[in-house]
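Peer 1: Sequence:
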Amino acid sequence: MITTKRLAAGACGLLAALVVGLFPASATAADGPTPKEPPKVDLVLDVSGSMRATDIDGQSRMAAAKQAFNEVIDAVPDEVRLGIRTLGATYPGEDKALGCKDTRQLYPVGPLNRTEAKTAVATLAPTGWTPIGPALLAAAQDLDGGDATKRIVLITDGEDTCAPLDPCEVARDIAAKGIHLVIDTLGLVPDAKTRAQLTCIAEATGGTYTSVQHTAELSGRVKQLVDRAADPVVNPVATEGAAQCAKAPQLKAGVYSDRETFGEHRWYRVDVKPGQELRASVSIAADRAVNKDYGVLLRATTVHGREIVRGAEAGDGRTDVLSTGLRYPKGETDGADGDAEQVPETVCLQVSNSFSAPASVKTSPGMPVELTIDVVDGPDDASDAAAFGLGRGWWLLAALALTGLLAGLVWGWISRWRISVWRTN
Numbered sequence: 001m002i003t004t005k006r007l008a009a010g011a012c013g014l015l016a017a018l019v020v021g022l023f024p025a026s027a028t029a030a031d032g033p034t035p036k037e038p039p040k041v042d043l044v045l046d047v048s049g050s051m052r053a054t055d056i057d058g059q060s061r062m063a064a065a066k067q068a069f070n071e072v073i074d075a076v077p078d079e080v081r082l083g084i085r086t087l088g089a090t091y092p093g094e095d096k097a098l099g100c101k102d103t104r105q106l107y108p109v110g111p112l113n114r115t116e117a118k119t120a121v122a123t124l125a126p127t128g129w130t131p132i133g134p135a136l137l138a139a140a141q142d143l144d145g146g147d148a149t150k151r152i153v154l155i156t157d158g159e160d161t162c163a164p165l166d167p168c169e170v171a172r173d174i175a176a177k178g179i180h181l182v183i184d185t186l187g188l189v190p191d192a193k194t195r196a197q198l199t200c201i202a203e204a205t206g207g208t209y210t211s212v213q214h215t216a217e218l219s220g221r222v223k224q225l226v227d228r229a230a231d232p233v234v235n236p237v238a239t240e241g242a243a244q245c246a247k248a249p250q251l252k253a254g255v256y257s258d259r260e261t262f263g264e265h266r267w268y269r270v271d272v273k274p275g276q277e278l279r280a281s282v283s284i285a286a287d288r289a290v291n292k293d294y295g296v297l298l299r300a301t302t303v304h305g306r307e308i309v310r311g312a313e314a315g316d317g318r319t320d321v322l323s324t325g326l327r328y329p330k331g332e333t334d335g336a337d338g339d340a341e342q343v344p345e346t347v348c349l350q351v352s353n354s355f356s357a358p359a360s361v362k363t364s365p366g367m368p369v370e371l372t373i374d375v376v377d378g379p380d381d382a383s384d385a386a387a388f389g390l391g392r393g394w395w396l397l398a399a400l401a402l403t404g405l406l407a408g409l410v411w412g413w414i415s416r417w418r419i420s421v422w423r424t425n
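Our numbering puts the first residue of the sequence shown at 1, with every later residue one more than the last.
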């Protein structure tokens, strides 16, 4: 009996050793899903001298900001990596060169120690200049690295005082890097110039602008933006269209971002199998002053240049974003070889715009473009207009010509009949 138990124990030990050898713990861990990087948020607070004004709920703008920050720090989700940066907090003098460098990282972006963050905020006092542009550049560096969701929340009560470094141009440059960093702006009791500048900064990166008159509005809005970073929407993938289809990037289903200068044409390629339908849409944002009367064109062609279908939209200066889309169903292919039926067709997508701007407006970087691609199963119902290919120019032309011919014959017969009746009477 003892011998039998020993043999069984030895067999179990040998089996366990074989299992560990064949499936090591490291391999099992490596095969698991890669953990998602925690989102990063950098709060950028204006601590310039104008924050002494007492016009927010009977207290100073600085006191309102501190109160709001304490409430936000208490409510930050555990998965968010939060940092705090200030501008205008240390230099009280009149030297512009020094005042425009006055930005520092008050609390580093990382796991949040709520007590330390509140202590740091409590030390702030309204001091100097308003270097918004340099602060945004530094905040982008604070958030640099990795593929996490990145967000800057700028809180200020005035426009930048450190021209010629235009913060709106800084925001466009940040957006053009394709790192998907969003800047949201909040204006404390803003005037018209401040409102225009903060709106421009936000729109350049796909962020939002909010005017704040009360402490509760400030804390509530910042909490909302921090929560939005913790639960983000799909981030577009940065791509770069080509000047011709042959050199265009190959895209799959997804959302993509690019930049186009005024009047530019860019090409992309998508493979569509028989029985599938390509659905594409494009949006171009006028993130700077543009002339009235403009348009955007999305065109699908074959690799040989024959147009398949197009979508177009025009504007007259009353909108900031212009969008259009198209659908292209590729019919089933008849053939003896089943594999041959699945050979995809390469569809060339051209994105063009007819924007123009006054000579004083900078054209670089280009305007933001968002391109959405989806490839789905084609329609089974023949009554679907897309299945008839009515979007294709020659089909539509033939239908109109046939309709006109029939209408002309019917009208001619009716006219002759009326004339003959008139003559008879």
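Keep in mind that the hints were calculated from the coordinates and are not lab data.
It is possible that part of the hints are untrue.
What the hints assert, rightly or not - Derived Cβ-Cβ restraints for the label pairs, each shown as a range:
id, residue 1, residue 2, range
1, Asp320, His265, 20 to 26 Å
2, Gly275, Gly317, 20 to 26 Å
3, Glu240, Gly412, 55 to 61 Å
4, Ser415, Ala357, 51 to 57 Å
5, Gly275, Arg416, 47 to 53 Å
6, Gly145, Ala97, 27 to 33 Å
7, Pro111, Gly275, 16 to 22 Å
8, Asp144, Glu116, 19 to 25 Å
Stated by the list, open to error - BS3-like, lysine-lysine: derived pairs with alpha carbons at most 30 Å apart:
id, residue 1, residue 2
9, Lys66, Lys96
10, Lys177, Lys96
11, Lys273, Lys252
12, Lys362, Lys193
13, Lys193, Lys36
14, Lys118, Lys36
15, Lys101, Lys118
16, Lys177, Lys362
All C-beta atoms, glycine included, are put in the ideal place defined by N, C-alpha and C.
Peer 1: Take the hints in turn and mark each one as holding or not.
Peer 2: Status of each hint after checking the structure:
no.: 1; hint: Asp320 with His265: 20 to 26 Å; verdict: 22 Å, holds
no.: 2; hint: Gly275 with Gly317: 20 to 26 Å; verdict: 43 Å, violated
no.: 3; hint: Glu240 with Gly412: 55 to 61 Å; verdict: 57 Å, holds
no.: 4; hint: Ser415 with Ala357: 51 to 57 Å; verdict: 55 Å, holds
no.: 5; hint: Gly275 with Arg416: 47 to 53 Å; verdict: 50 Å, holds
no.: 6; hint: Gly145 with Ala97: 27 to 33 Å; verdict: 30 Å, holds
no.: 7; hint: Pro111 with Gly275: 16 to 22 Å; verdict: 50 Å, violated
no.: 8; hint: Asp144 with Glu116: 19 to 25 Å; verdict: 22 Å, holds
no.: 9; hint: Lys66 with Lys96; verdict: 26 Å, holds
no.: 10; hint: Lys177 with Lys96; verdict: 29 Å, holds
no.: 11; hint: Lys273 with Lys252; verdict: 12 Å, holds
no.: 12; hint: Lys362 with Lys193; verdict: 19 Å, holds
no.: 13; hint: Lys193 with Lys36; verdict: 40 Å, violated
no.: 14; hint: Lys118 with Lys36; verdict: 28 Å, holds
no.: 15; hint: Lys101 with Lys118; verdict: 24 Å, holds
no.: 16; hint: Lys177 with Lys362; verdict: 17 Å, holds
Figure legend: structure checked against the earlier numbered hints; hints not met, in rising order: 2, 7, 13.
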